[in-house]
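**Student:** Just so you know, the sequences run in chain order V and U. Following our numbering, the numbering of the first sequence begins with 79 at its first residue and continues without gaps. Following our numbering, the numbering of the second sequence begins with 12 at its first residue and continues without gaps.
Hints in this document: simulated from the structure, not taken from any laboratory. The reader is advised that the hints may include incorrect statements.
[What the hints assert, rightly or not] A short, non-exhaustive set of chain V residues, derived as facing chain U with CB atoms under 8 Å:
#1 G140
#2 I251
#3 K466
#4 G475
We put the CB at the ideal spot given by N, CA and C, even for glycine.
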Amino acid sequence: MGLRKVALVGHPNAGKSAIFSHLTARYAAVSNYPGTTVDIFRGRTTVKGQPYEILDTPGINGLEARSEDERVTLDILQKDRPDLIVQVADGKNLRRTLYLTARLAELKIPLLLDLNMKDESQRKGISVDVETLSRCIGVPVVETVGTTGQGLQQIRDALDTHALCMRNGETPIQWVESILHQVGYQEAAQERWTTLETTLWTVAILVGAFFHLENYFGAALGWPTLYGWIISSFSSTSQSAQPGLLATAAALVGGYLFPVLLPFLWAVRADTSFNEKFGVWARKFATGSVILVIALSLLYQLVGNLGAQVFVGLLETQLFATYFIPWLQLLLPAGFFYDLLVGQYGVISVGLTYGIAIVLPVVFTFFIAFSFLEDSGYLPRLAILSDKLFRSMGLNGKALLPMVLGLGCVTMATMTTRILNTKKERLIATVLLALGVPCSAQLGVIMGIVAGASPQATVVVFGTVFTQLLVVGYVLSRILPGHRSDFVLEIPPIRCPLWSNILKKTSLRVRWFLKEALPLFVLGTLILFLLDRIALLDRMIELVEPVVTGILQLPRETATVFLLGFLRRDYGAAGLFDMARSGTLSSLQTVVSLTVMTLFVPCIANFFVLIKEQGLKISLVITFFITAYSVSVGALLNLLLRFLEVTV
Amino acid sequence: MSRYLFCPRERMSGSNGNGNGDYAQQSGETHPLRLTYLPLETPARVARIDAAGESLVLNFGIYPGVSVQVRQRYPCYVIKCEETEVALEGRLASQIWVYYPHA
Ligand SMILES: Nc1nc2c(ncn2[C@@H]2O[C@H](COP(=O)(O)OP(=O)(O)O)[C@@H](O)[C@H]2O)c(=O)[nH]1
Ligand SMILES: [Mg+2]
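Bound conformation, chain V alone (with noise of 0.2 Å):
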């Protein structure tokens, strides 16, 4: 039997990466904001002996290709025509869902329908006639609960579909209100309350609870008609009980405090749940720059502290500098494999010290903050909180996600760039993670080195990047032609992230860390250790060190350090957090090179993913020019801090 191919596809944040896991044994990161795939991922899985490859897309919204990440899905779609189309939907959103159908419809491929995420939707009140709008539409429809894998059964069985969906010469629009209207669609809380129902139920509560008094009481009077009616209709109470004045004078009082009553009702009957609540707070701006700080002080805490001050102190400090090189040291007798293992230049001295002892536990408290974040949906609230601002470096709210992700990794990151509308937008947002958005280790490290330096210190280094990533992106959006593209972003609800997700991507992470950057590490100072072996290191750094002690003022070591950053940035932080600690920097010193090395070079695997996906020329302009900048600001700094007398 041949291999099928079965494409999952749908809006984005649907669930498809979820139920894509759950297909197949591997893990495709899922997070709570539209944009987390960018690029296609394959896996496998047999039903019934017959094999299929399951392709996880990005998310897309019609056939139309308006970002670099939907292109790549219709390529798929329209190029390589899978055997079957899974659309996976957000069951809450019938409506949009079919209207996709309708659209997918068009390619003509054999298509099953998903409507996912049914625990939110039940929660919500809403449901849907499986069987009606599978016979409607066509093809089958089944549904699941992408976080559980409730109901993957169902969709393994009927992977080997053949049917078409079907579409009667109508317009998609025509076709979906039709289906809708077929199927007796009740539309979710906005429309169940309109507003004559809300007046008529408002009444019919007050009067209910009116009557109950009125019974207790025991006054009988007359009553009009049409309130005789409204109760009849909404209260149960109404056979048994006798009408009266007081009845009528609350269903007028209902009736004239509705007008009051109606946008608290609307408060109360939609989603009242603390999630929802937060969801809100979070992208107001008054409320949500509250939250942004509190959650960036968390971040603070979290990783500059913990992580870089306790975990780095167990690790370096205690493990490492007392204990395991110091016994190293003691049992290698002199001679070549001592320099090389833990020498100045040596593999286990420095490398894996800074490795694992340095690094390791930063990015880790990083990570569980970050998968963290990620799931909770909190990043797309502060992308519409950071719209203007990024309007003013000629992007707009969305260019956040890259950015944020940036502190991930600047080398996904900047893939993730595909999310962005126009080409200006994607070089800029890739200059500007390039020069100034520090990778997790390096932000970590950096936080562990002002955390144990002064407050000042901390807000010139992240002051000073910050308004440089500023100047540079208001500078490119004047003199880049092109033009930068409307908001719109999809703004998913607050959930709580599962804490099995968040192990699993912070694990997940970390094995990535340990794999690719960690050879890197080892691989640098050897590099190192080789170059002064044979004299040449020295050569080098007497070649930078007009710029590093003349120009930046900054002791020779640092050059060292700064060729370490550009193997892996936050090998190079690890340097100066060494350089910081042991006191060979200055304060002043250590906020110069910082802020240096934060906007300093992208570092090697960075600039392979720019190749990709700028190209070389851009790419090496690119470097070229934030050398040079980063150089500049720096020595700016130097002189501005002296020249001020700021102590920091």
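Mind docking chain U with the ligands on chain V? Use the hints.
**Tutor:** Here is chain U with the ligands on its own, set in the frame of chain V:
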């Protein structure tokens, strides 16, 4: 009570098929107004969408006949349609015209 009490099927057929149907005459409602003038948290039916915003909002399930409400204006607009919340800038929001029954 279904929404068809307030938005009967017959009206839908009045749309011209490309998603831009303007059926003010049949509906007998007030003149459409821009979404940006709609009071907060008040559902209103979409009348039409100006060309510049059409393809964008269509993909979010916002098209003539469906109900939307504005949930926030600042720092940027947040509108809700079905169970989808969409953040969009004011320039786009003003491309959407709605019938507001109590205007
Ligand atoms: N409550 C609930 N949440 C879900 C369900 N399926 C997925 N999610 C959550 O929805 C978010 C988006 O999921 P993801 O798989 O990344 O969506 P994708 O963008 O379509 O790949 C994540 O936070 C998931 O945990 C579901 O059935 N119920
Ligand atoms: Mg995904």
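**Student:** Does each hint fit the structure? Answer for all of them.
**Tutor:** Okay, the hints, checked on the actual structure:
1. G140: holds, 5 Å
2. I251: holds, 5 Å
3. K466: holds, 6 Å
4. G475: Given a least distance of 7 Å, the restraint on G475/V holds.
Of the numbered hints stated above, none is contradicted by the structure.
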